[in-house]
Amino acid sequence: MTRLSRREMMLASLLPLAFPAHASASRRIVSIGGAVTEILYRLGAEPEIVGVDSTSQFPVDALGKKANVGYMRTLGAEGILSLSPTLVLASEAAGPPDALRLIEQAGVTVVRITDEPSQVGIVRRIRDIAQAIGAQDRGAALVEDVERGFSRLGQAHSKIASGVRALFVLSIQNGRPLVGGRGTTADAMLALAGATNVASSLEGWKPLSDEGLIAAAPEVIVMVSHGPGGAAADPFALPSFAATPAAAKRRLVVMDTLYLLGFGPRTPNAAGDLMLALYPDLADEAKKALRP
Amino acid sequence: MSAMIETRGLSYNRGGRSLVRDVSLEIGKGLFTVIAGPNGAGKSTLLRLLSGELSPTDGEVIFNGSPIRAIPSWRLAHARAVMPQASDLSFPFTALEIANLGIEGIGRGLSRSERSSIALEALERADVVHLAHRNYQTLSGGERQRVHFARALAQLKTGRSVEPRQALFLDEPIASLDLKHQLSLLQEARRLAHGGLTVVAVLHDLQLAASICDDLVLINAGEVVACGSASEVLTPSRLRGAFGVRLTLDHWPRFPWSLA
Amino acid sequence: MTAHAFTRSGLRLHREDRQRITLGMLLVLLVCVSFLGLGLGATGIPMTRVLSILASVINGDTAAPTGEALIVLQVRLPRLLLGMLIGAALASSGALMQGLFRNPLADPGLVGVSSGAALAAAATITLGDRFLASLIGALPFGALPAGAFLGGLFTTLGLYLIATRAGRTSIATMLLAGIALGALANALMGLLAYISDDRQLRDLSFWSLGSLSGATWAKVAGVTPFIVPALLAMPFLARGLNALSLGEAEAFHLGFSVQRVKALAIILVSVSVGASVACAGIIGFVGIVVPHILRLLSGPDHRFLLPASALLGAILLITADIIARVIVAPAELPIGILTAAIGAPFFLWLLLRRRGEMML
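Just so you know, the sequences run in chain order A, C and G. Count along the first sequence from 1, add 1, and you get the number used in our numbering. Count along the second sequence from 1, add 8, and you get the number used in our numbering. Count along the third sequence from 1, add 45, and you get the number used in our numbering.
Calculated directly from the structure, the hints in this document are not laboratory data. Be aware that a few hints might be false.
Said to hold, decoys possible - Here are the simulated SDA-like pairs of lysine to any residue, each with C-alpha atoms no more than 20 Å apart in a straight line:
# : chain 1 : residue 1 : chain 2 : residue 2
1 : C       : LYS188    : C       : ASN143
2 : A       : LYS207    : G       : MET234
3 : A       : LYS207    : G       : LEU237
4 : A       : LYS207    : G       : VAL303
5 : A       : LYS207    : G       : ILE240
Said to hold, decoys possible - If we take Cβ atoms under 10 Å as the criterion, some of the chain G residues that face chain C in the derived model are:
#  : residue
6  : ARG60
7  : ARG65
8  : ILE66
9  : LEU68
10 : THR107
11 : GLY144
12 : ARG210
13 : SER290
14 : GLU295
15 : VAL303
16 : ILE338
17 : ARG340
18 : GLY344
Each residue gets a CB set at the ideal place from its N, CA and C atoms; glycine is no exception.
Could you put the whole structure together from the sequences, leaning on the hints where they help?
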């Protein structure tokens, strides 16, 4: 079997899915980063995508239909080049740098997309991606959509009298929680949802000690589910969690990882959902703003 | 008789304990000298000092007329070989490879066939040529000792062309050997001594020592009790003093065995 | 004595011939996997095309490569060479360490050389970024490899000083101190990871995942001056290491300067392991399994073992890398998984087959 026929076989299996008849096959995009892929799909560039990285969990289609180039931090230059891309859109977290440099040397345009977890960051991300694929009009529409979402969120935010004390727990290993401190996507998300991050004295993702957890006294615990339906373990079974105010009312919010932390176009909705979960008694008008 | 090895006020301390104390000896060239003494008397330590492996705390060893410390290890290796108490090996060398180690250090000028014939001859002399390709790790204690003896012989043979005045140091060489191999090993050493080799051996079997050695050095608690011919040294009072044993015969017994 | 002569010539077969045959086969195998390494990959390039690309370079074609030529010359070739150098360096360093410590389980990873190099690299990423970069703007490109190399060297040097008293190095002390230093280095690495920010953590993870995927000509050029001279120097220690396997006193009796053999071995190991860790992270298993396989096949003579380990190490790493980038193409598997997955079953098979004859 020659290499060429193998490649043809691989492409043959991908093409019917990736390229609807009307799409021009001239542009081939490799998308690296969950939010990048999400935005590309929202901009209607799905037919042009030939490969995605393993963090591209949404839409669920992406990993099922496109070639998987692996984890975004351990990319291989040849793997991506083998898809004959014309454009690589990569999150700033993607690497190793040498692999991306080689791809650029091969004449492929590599555009790095910001990771900043904020409204400004999301807007910039959408604009940069839209510009890279020449879909400025759709990009502008999406930006408008996202900004509308944020302004509704802002309205609801103003109805919150006092912020609930929340702790974001990414994972619990050996009974020790890994929590989101200052500068993390979790911190930004809690702020958007109108909560006070009790771990804001820490910087980055850090393990929190039992005593630190009790001293932080969170009123609600926010956790992420890994993958669809993957329920998080019950944190209140642990003694340190059981001693928090959150345990008294068994207040635990569990949401999908990428939805909550991806900082893509769905973020205003995700923040809204989180806000509703954190403040079940939010005034009706605020609820209406969030769920028009 | 000229001295091959001379020591002057040789002492060795370790961990605050004095293992060898003020030993002054002359070891004659071409003689078979046995070092005897009770356990912990310092026999092996003295042998290691004489062979240059240990540096004395005090005093010095004169080897072939020069201080042994001043002789670089590669030159010393031409002039003396040491057969240690049999040891474990972490790697599966064959007996032939072990014998070859005696040649590798100093015989770089030799051709491959010269080296292999020296190694095989040494294995034959030690009666282990049939084990040449056996893994050392699978050999018995006695077989291992004979392989090390072969290595020492190979080293001496290799060094002889450069340094004809040689010495062989044996540390309890027959501890795990059967009677036949005890005799054949010591007789081979004896034969070499006749040819001019200086042999220094630590032995436990006093009867065997007395039957084979020219000189005997009796040490106890790190000090030389007596040295000279076996019959002079091994008096009943010294035996009682050093070993705490009493001779039940009225004369020193002859060693009753010889090779068939 | 004809019977005698017969025995002699008959006996000389066995190991020496086996060693020669093994070396020859390894050389052929290395050439084969090298061509496979150039010919296989996520992009299907026919072997004839690969050869013509190579031929045009050899004939002095200096035009900047594009397309398939770029993949062969800028992606696969540096990766192949880097894998070859690092595999050779790791495996022969393993053999050297085992000979030095007279312990078939010794490994550069065990005596803290790898950990020291890794710690220094981590420190370069986090602290260097925090303090140095604020002074000179940005970290220079070569700072990471240089840091890792110096870390490996200083760890080994420190170990050596701890274990040496009055000109004698106690290998047992060195082994214990190495394990302690390795634990300390790992702890400090955890601390560094704790204080790093997101971007530094990302850099740390790129580097610590142990991969050849970032292979470039710059990296090949960076490690060659360290690894190649070390590999060439190692065989000169072979006789000394053979003698050392009897014990230090015996090696001295046989005419070797034990202290010099030990010092040289330590320098060569830290140079080659430091350079390897610096550019590919920690790749386990090669240093320990390759020398074992070769000892089982053709005996422990270091004159054979050191060059053969270099060859088999290169073969193992290249093979692992080929599989790593082909099996889940266009994605890649971490190479450490594959070195273990290929090496371990083969090693076990050899152990079982030779259970009766060899004791390790």
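Comparing the hints with the structure gives:
1. C/LYS188 / C/ASN143: violated (23 Å)
2. A/LYS207 / G/MET234: This hinted pair holds, its Cα atoms lying about 15 Å apart.
3. A/LYS207 / G/LEU237: The given pair, whose Cα atoms are some 13 Å apart, holds under the 20 Å limit.
4. A/LYS207 / G/VAL303: Roughly 49 Å between the alpha carbons, so the hint for A/LYS207 and G/VAL303 is violated.
5. A/LYS207 / G/ILE240: Roughly 9 Å separates the two Cα atoms, so the pair holds.
6. ARG60: holds (6 Å)
7. ARG65: violated (12 Å)
8. ILE66: violated (16 Å)
9. LEU68: With a closest approach of 16 Å, the G/LEU68 hint is violated.
10. THR107: With a minimum Cβ separation of about 46 Å from chain C (threshold 10 Å), the hint on G/THR107 is violated.
11. GLY144: With Cβ-Cβ at 8 Å, under 10 Å, it holds.
12. ARG210: Violated, about 13 Å.
13. SER290: With a minimum Cβ separation of about 5 Å from chain C (threshold 10 Å), the hint on G/SER290 holds.
14. GLU295: holds (6 Å)
15. VAL303: holds (8 Å)
16. ILE338: Check failed: Cβ of G/ILE338 comes no nearer than 13 Å to chain C, outside 10 Å.
17. ARG340: holds (6 Å)
18. GLY344: holds (7 Å)
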